[in-house]
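Visitor: The chain contents come next:
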Amino acid sequence: MSKAIELTGFSYSYPDGTPALTDITLSIDHGRKVALIGPNGAGKSTLLLAMAGFVKGTGKASVDGLEVNRKNLRQIRTLLGGCLENPDDQLFMPTLFDDVAFGPLNMGLDGEMVKVRVAEALRTVGLADMGDKAPHHLSAGQKRAAAIATILSMSPKIITLDEPDGSLDPRNRNNLVKMLAELPQTLIIATCNMDFAAALADRAVLLDKGRIIAQGAAEEIMTDARLMTDHGLEVPSVLKEKANRSVNGRRSG
Amino acid sequence: MHHAYIDKFAYQDSFFHRLDGRVKLIVVLVFTALVIALPRTSPAILACYAIGPFAVLVWAGIPLRFVFKHILVISPFVLVLALSCPLYDRTPVTVAFGPLIWQTSLGWMRCFTILGKFVVTMLALIALVSTTRFNDLLAGLQRLHLPKLLIIQLGFLYRYIFILIDRAQHILLARAGRRLRNLGFKTELQIAGAMLGSLLIRSIDNAEHINIAMQARGFDGTWHSLSRLKIRTADLLFAAASVGLMLALNFFITPLFR
Numbered sequence: 001m002s003k004a005i006e007l008t009g010f011s012y013s014y015p016d017g018t019p020a021l022t023d024i025t026l027s028i029d030h031g032r033k034v035a036l037i038g039p040n041g042a043g044k045s046t047l048l049l050a051m052a053g054f055v056k057g058t059g060k061a062s063v064d065g066l067e068v069n070r071k072n073l074r075q076i077r078t079l080l081g082g083c084l085e086n087p088d089d090q091l092f093m094p095t096l097f098d099d100v101a102f103g104p105l106n107m108g109l110d111g112e113m114v115k116v117r118v119a120e121a122l123r124t125v126g127l128a129d130m131g132d133k134a135p136h137h138l139s140a141g142q143k144r145a146a147a148i149a150t151i152l153s154m155s156p157k158i159i160t161l162d163e164p165d166g167s168l169d170p171r172n173r174n175n176l177v178k179m180l181a182e183l184p185q186t187l188i189i190a191t192c193n194m195d196f197a198a199a200l201a202d203r204a205v206l207l208d209k210g211r212i213i214a215q216g217a218a219e220e221i222m223t224d225a226r227l228m229t230d231h232g233l234e235v236p237s238v239l240k241e242k243a244n245r246s247v248n249g250r251r252s253g
Numbered sequence: 254m255h256h257a258y259i260d261k262f263a264y265q266d267s268f269f270h271r272l273d274g275r276v277k278l279i280v281v282l283v284f285t286a287l288v289i290a291l292p293r294t295s296p297a298i299l300a301c302y303a304i305g306p307f308a309v310l311v312w313a314g315i316p317l318r319f320v321f322k323h324i325l326v327i328s329p330f331v332l333v334l335a336l337s338c339p340l341y342d343r344t345p346v347t348v349a350f351g352p353l354i355w356q357t358s359l360g361w362m363r364c365f366t367i368l369g370k371f372v373v374t375m376l377a378l379i380a381l382v383s384t385t386r387f388n389d390l391l392a393g394l395q396r397l398h399l400p401k402l403l404i405i406q407l408g409f410l411y412r413y414i415f416i417l418i419d420r421a422q423h424i425l426l427a428r429a430g431r432r433l434r435n436l437g438f439k440t441e442l443q444i445a446g447a448m449l450g451s452l453l454i455r456s457i458d459n460a461e462h463i464n465i466a467m468q469a470r471g472f473d474g475t476w477h478s479l480s481r482l483k484i485r486t487a488d489l490l491f492a493a494a495s496v497g498l499m500l501a502l503n504f505f506i507t508p509l510f511r
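Chains A and D supply the protein sequences, listed in that same order.
Per my numbering, numbering through the first sequence is continuous, rising by one, with the last residue being 253.
Per my numbering, numbering through the second sequence is continuous, rising by one, with the last residue being 511.
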């Protein structure tokens, strides 16, 4: 069975020559919830853009077995839905309904099917009766949920989210965690909020300076206090006790 | 930050709010053309024309304070044009208002006509945008076969103008927080230039992100939309009543005052 995402020896440099991603080899199975963790400027957002074919580098990249190239872009973008860091960039239409309908309409679905998809996506994110609202009338939490609805309405197999917890208060963050945890799709979440990552992810990929430093089970990576602090991160508060136990275990061993 | 949205009252519910955007748009366009085409008029004729939009505003529950505030905001542009009339046209004319008779110039007559027409057409325009959601207006324009590119631009303008204003206000706040003394006109101008540059760069950055968001959802340059507009009996009745009133104003009321 093909992998949800597969990158082999992928590298990309910014137009001014600064390396953004170096020799990335990564494989993500379907149905996983993966946290891309790393400090600011580690290359997390660029890696998400590379998966959707927005940056062209060297090496191989494929989505659900389809090679990321110009010919396959349309199909790839129906398989992989990407949500940008700032919801105001994601919500560009005059109403929420139009925004959520934008993707399905571009997919060529008929009017009735589009309405069904929009209603379903808005219900999933808890904004069922807000289709007529203008995006600038929504709160930060609602904007974030709405941005995710714009992706869900296209029924992608894989969803990428760039810093989805940014500028959310704890209540909205918890609501977002609950909503994302229930989604059946493969989720790839770029974040530097370790508590958020720990609450959602079963796998973690640690990036720093455009390179993959570690990848594996989320708990295993996020409880390695030394690894985390060496790369400008911290052990999530829910895993701190476990991290301390493993440090003490190593000392006594 | 909070803004005074132009369609702030468009989310209310009234007979006029429920009407089809296209019908209201066409009625307002025809009404505006009629008012503009009026020859040099007396204030009484313009007052008759103002009754229609005024009634709509009151019936739809739009606060008149909001209406006149918006007219005042835009008025400086028209005031410059109107107040220049008395300067170049000083032909003397005699004006009668009931028993009162006084001498003035043709320029002043033109000035008051321009201001009167401006207020009446603004009343109609505010009645339209205060009873029609902006997206319904855009959908109406699209169904009236206006170029799609123009409609997309208007949609983006409405969506992002408030974000741009927010950013500008944040930059100004950051500047005010560190402005401890007057730096002189030249330096202030340099700082203003840098602030504008920063705003422009952020806007370009934004535009790039929006482009990515659009492409990520399959946008290939063709704009698809689902129209939810529907002409009902109430729309036809409103259109018929408006046409009737405008014909009566144009052919029966206006000649009475000439």
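Treat each hint with caution, since some may be false.
Cut-off 25 Å, straight-line C-alpha distance, at most; resulting in silico cross-link-like pairs (DSS-like, lysine-lysine) [said to hold, decoys possible]:
hint : chain 1 : residue 1 : chain 2 : residue 2
1    : A       : 56        : A       : 115
2    : A       : 178       : A       : 240
3    : A       : 115       : A       : 3
4    : A       : 133       : A       : 71
5    : A       : 178       : A       : 209
6    : A       : 178       : A       : 242
7    : D       : 322       : A       : 115
8    : A       : 133       : D       : 370
9    : A       : 242       : A       : 56
10   : A       : 115       : D       : 483
11   : D       : 401       : A       : 133
12   : A       : 60        : A       : 71
13   : D       : 322       : D       : 401
14   : D       : 439       : A       : 133
15   : A       : 60        : A       : 133
What the hints contain is simulated information worked out from the structure, not anything from laboratory work.
Visitor: If a hint holds in the structure, say so; if it doesn't, say that too.
Guide: Right, here's what the structure says about each hint:
no., hint, verdict
1, A:56 - A:115, "35 Å, violated"
2, A:178 - A:240, "22 Å, holds"
3, A:115 - A:3, "31 Å, violated"
4, A:133 - A:71, "37 Å, violated"
5, A:178 - A:209, "31 Å, violated"
6, A:178 - A:242, "23 Å, holds"
7, D:322 - A:115, "39 Å, violated"
8, A:133 - D:370, "34 Å, violated"
9, A:242 - A:56, "40 Å, violated"
10, A:115 - D:483, "16 Å, holds"
11, D:401 - A:133, "22 Å, holds"
12, A:60 - A:71, "15 Å, holds"
13, D:322 - D:401, "32 Å, violated"
14, D:439 - A:133, "45 Å, violated"
15, A:60 - A:133, "42 Å, violated"
Hint check: violations occur at hints 1, 3, 4, 5, 7, 8, 9, 13, 14, 15; the rest are consistent with the structure.
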